[in-house]
Amino acid sequence: MVNFLKYKLVYFLISLTVIGIGLFSIFNWGYYYSIDFVGGTNLEYQAKKNIDQEKIKKILIREKVELNYLSINKKKILLRTKALDEKMIEGLKKRLEKDLGVSLTLLKSETVGPSISSENLKKTVIACFLAILGILIYMSFAFKGFNYALAAVLAMIHDFLVVLGSYSLISHFFRAEVDTLFITAVLTTMSFSVHDTIVIFDKIREYLQTEGQKDIEYFANKALTETMVRSLNNSMTIVFMLLALVLLGGSTIRFFAATLLIGTITGTYSSPFVATPILVWLERRKK
Amino acid sequence: MRLTKLLLIVLAVFLIIWIDLPENLKIGGLVINPLSVDFNLLGLRIKKDFRTHLGLDLKGGSHLVFEADLTKIKKEDFQDALNSARDIIEKRVNFFGVAEPIIQTIKSQDKYRISVDLPGINDVNQAVSLIGKTAQLSFKEEIKIDDPYLATTTPLISRLTQDSGVSGKHIKKASLSFDSQTGKPQVALSFNEEGKRLFAQATKRNLQKPLAIWLDDILLSAPIVQTEINDGNAVITGNFTVNEAKKLAISINSGALPLPIKLIEQKNIGPTLGKSEVKRSVFAGVVGLLAVLLFMILYYGRLGFIANLTLIIYGLISFAIFRIIPVVLTLSGIAGFILSIGMAVDSNILIFERIREELRKGKDFEIAVQLGFGRAIDAIKDANITTLTVAFILFNPLNWEFLPQFGMVRGFALTLAIGVATSLFTGVVITKRLIKFFYKIP
Chain A
1 MVNFLKYKLV YFLISLTVIG IGLFSIFNWG YYYSIDFVGG TNLEYQAKKN
51 IDQEKIKKIL IREKVELNYL SINKKKILLR TKALDEKMIE GLKKRLEKDL
101 GVSLTLLKSE TVGPSISSEN LKKTVIACFL AILGILIYMS FAFKGFNYAL
151 AAVLAMIHDF LVVLGSYSLI SHFFRAEVDT LFITAVLTTM SFSVHDTIVI
201 FDKIREYLQT EGQKDIEYFA NKALTETMVR SLNNSMTIVF MLLALVLLGG
251 STIRFFAATL LIGTITGTYS SPFVATPILV WLERRKK
Chain B
1 MRLTKLLLIV LAVFLIIWID LPENLKIGGL VINPLSVDFN LLGLRIKKDF
51 RTHLGLDLKG GSHLVFEADL TKIKKEDFQD ALNSARDIIE KRVNFFGVAE
101 PIIQTIKSQD KYRISVDLPG INDVNQAVSL IGKTAQLSFK EEIKIDDPYL
151 ATTTPLISRL TQDSGVSGKH IKKASLSFDS QTGKPQVALS FNEEGKRLFA
201 QATKRNLQKP LAIWLDDILL SAPIVQTEIN DGNAVITGNF TVNEAKKLAI
251 SINSGALPLP IKLIEQKNIG PTLGKSEVKR SVFAGVVGLL AVLLFMILYY
301 GRLGFIANLT LIIYGLISFA IFRIIPVVLT LSGIAGFILS IGMAVDSNIL
351 IFERIREELR KGKDFEIAVQ LGFGRAIDAI KDANITTLTV AFILFNPLNW
401 EFLPQFGMVR GFALTLAIGV ATSLFTGVVI TKRLIKFFYK IP
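Listed in order, the protein sequences are those of chains A and B.
Each residue of the first sequence is one higher than the one before, counting from 1 in this note's numbering.
Each residue of the second sequence is one higher than the one before, counting from 1 in this note's numbering.
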């Protein structure tokens with residue numbers, strides 16, 4: 001048996017550092033929000049020849065179109081502007097074609113009002129709280145103790161913060177945007193986190209039932225020793241999948257897969273090193 | 001008893017594989033397609049094609065959101081009005097020839113919206129103009145044609161174009177009713193005060209002549225006026241089924257509701273972008289899957305082989321379920337599915353670790369298998385029930401307004417739930433059978 005819990009201070013410091021860096025990033029750099037959140041118009045054109053970025057900027061300033069983002073890649077022009085209506089999109093294309101002297105093909109035009117997203121976001125947050133409540137109730141019932149549920153949920157919040165913070169870093173350095181896929185990834189992380197924690201808690205519950213009253217820390221260490229291989233193996237399979245998606249998958253889901261990868265790692269880490277120490281602490285305090 | 005069980009299993013496997021077949025599979029000149037059913041069961045027509053339904057992002061097309069202008073409608077009628085508008089849009093989209101449009105009403109706070117997903121449609125402007133048109137119900141009478149030759153050769157449908165002055169805005173309500181004598185379904189109309197007066201005049205003018213009821217450019221019916229009607233009620237008879245009469249009533253109701261809608265969101269996705277993304281993601285998924293399979297065999301040996309077999313069965317069953325429901329597959333949905341494959345292995349790893357644990361204690365393999373399953377079940381059950389709870393809340397099956405109602409989160413929750421539920425079955429039941437089979441445990 002390995003005395004994992006001897007180093008709980010180390011685990012605590014690791015978590016604190018990771019979350020600390022994440023929070024620093026959130027407060028300093030924040031996120032790039034996708035059009036789902038800020039609202040506006042995304043336009044993507046295919047041009048026949050190479051175009052100077054500055055020229056486009058000048059045209060847009062003259063046309064009084066507020067530009068948020070502009071990139072040109074392989075003759076593909078990607079624009080994000082303040083919300084435009086259909087007529088303005090049509091007009092803008094004609095203006096660009098005329099002034100640049102190139103014919104453009106509109107590949108993509110997306111218009112989203114920000115109101116839609118803030119409503120959805122609010123609803124998703126409500127759904128999260130409901131889900132947490134559901135987990136608390138179910139686990140209190142299944143483990144006959146509120147402390148198990150509380151420890152699992154606290155570990156989940158830990159993972160939530162880790163993912164949120166890391167994404168801010170990814171967002172800052174790689175220009176990943178917060179979009180609906182990101183929300184999905186966060187939600188998956190949260191459910192995976194609890195899933196993983198339950199497996200360890202189940203072991204502790206089993207020892208308590210079969211071996212009678214001994215110190216909770218003893219059982220916790222025993223459970224961690226027994227489940228460590230399972231935890232690592234299980235996460236390994238998910239990591240293989242996600243790594244393949246990050247490295248080889250399409251660009252649309254690359255950041256999504258990366259977020260899930262971070263979620264899987266922190267979810268796996270938090271079960272033995274966050275949830276279990278918290279459970280031991282909570283159970284000891286009871287006495 | 002054993003034979004019937006075996007037969008049932010063989011049948012189930014056969015069905016699942018049939019449903020899972022790729023479309024237009026060619027084997028030696030023979031083209032095989034996935035199962036499709038079309039038959040009558042107690043008067044109910046069951047028609048189903050088990051095909052993969054790709055979402056907008058994979059197939060390309062348009063996503064439109066309209067906001068309804070409800071300023072002229074009473075508050076208690078909001079939902080009805082919106083539903084009628086939805087139905088009318090669906091009808092129009094069907095006329096437009098779109099396969100599997102998804103049309104949903106969205107209510108958020110005090111705003112009422114309708115979202116229209118049109119996979120495979122690239123000419124949005126045409127779709128927008130078609131959908132945005134307000135339906136107009138009108139009553140028309142025969143044009144008087146003086147030329148006797150023209151009067152007999154012009155088909156009735158093109159003669160019934162003279163405006164009678166009565167239109168959809170004069171109708172208070174249309175509803176399904178039944179003929180008191182024949183019991184046949186029909187559509188009952190009731191006019192408002194002005195409509196009552198106009199309709200009486202129109203019927204008086206057209207005694208023993210047809211009075212046509214048009215919805216936009218479609219002739220709904222052209223009943224012959226038998227008597228002057230001045231009580232403001234009328235019926236549309238015809239050889240309707242209950243369903244047709246109901247639909248007609250809905251159409252008239254929606255036509256009678258001048259509900260202007262305004263396009264507020266429009267997304268256009270080119271199918272080529274989808275294709276390359278899908279190809280790469282599928283390739284990535286296959287690579288990831290092979291890595292998982294290899295890992296399981298290297299680490300668990302023979303048990304790993306069994307786990308891999310279970311995993312393949314898991315994949316086949318989930319895919320069949322996707323086609324049966326049908327789940328519209330989007331990129332995030334596929335990602336969720338790929339992820340759930342990773343999670344499905346979890347049940348097996350849990351069980352195998354438990355079996356190993358029992359083996360370490362010096363138990364017989366047979367007993368270790370029994371105990372291992374028994375012990376692992378608790379953890380698997382609790383872990384999966386919590387995940388299902390989360391999926392349930394995210395999917396929002398009761399369509400609660402305060403929970404997310406948007407497709408992406410829902411699609412993900414659905415694939416997650418199917419994945420977890422299927423893995424509960426394959427990971428526990430099928431793994432156990434396979435172990436017993438391969439290790440020859442009675």
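One should not assume that every hint holds.
To be verified - Facing chain A, a subset of chain B residues (Cβ under 10 Å, in silico): (1) I27; (2) G28; (3) S221; (4) V225; (5) I236; (6) F240; (7) I341; (8) G342; (9) E366; (10) N384; (11) A413; (12) L416.
It is worth saying that the hints were derived from the structure and are not from the lab.
Cβ coordinates follow ideal geometry from the N, Cα and C atoms, glycine included.
Hint V225(B) vs chain A: min CB-CB distance below 10 Å?
45 Å, violated
Proposed interface contact between A413(B) and chain A, which counts if any beta carbon pair is under 10 Å:
This hint holds: A413(B) lies near chain A, its Cβ roughly 8 Å from the closest one there, short of 10 Å.
Given a cut of 10 Å on the nearest C-beta pair, is the interface hint for E366(B) held or broken against chain A?
22 Å, violated
Does G28(B) pass the interface check with chain A, least Cβ-Cβ distance below 10 Å?
34 Å, violated
Grab the minimum C-beta distance from S221(B) to chain A and call the hint holds if it beats 10 Å, violated otherwise.
37 Å, violated
Closest C-beta approach of G342(B) to chain A relative to 10 Å, hint status
The hint holds - G342(B) has a Cβ within 10 Å of chain A, the shortest such distance being about 4 Å.
With a cut-off of 10 Å, does the beta carbon of F240(B) approach a beta carbon of chain A closely enough for the hint to hold?
40 Å, violated
Was the hint right that I236(B) lines chain A, CB cutoff 10 Å?
39 Å, violated
Quick one, is the I341(B) hint okay against chain A at 10 Å, beta carbons?
7 Å, holds
Does the closest beta carbon of chain A sit nearer than 10 Å to the beta carbon of N384(B)?
8 Å, holds
Hint check: 10 Å Cβ-Cβ cutoff, L416(B) to chain A:
7 Å, holds
Closer than 10 Å between Cβ atoms is the bar; does I27(B) clear it against chain A? Give me holds or violated.
Not OK, violated: I27(B) not within 10 Å of chain A, min 31 Å.
The structure fails hints 1, 2, 3, 4, 5, 6 and 9 (numbered hints given earlier, in ascending order).
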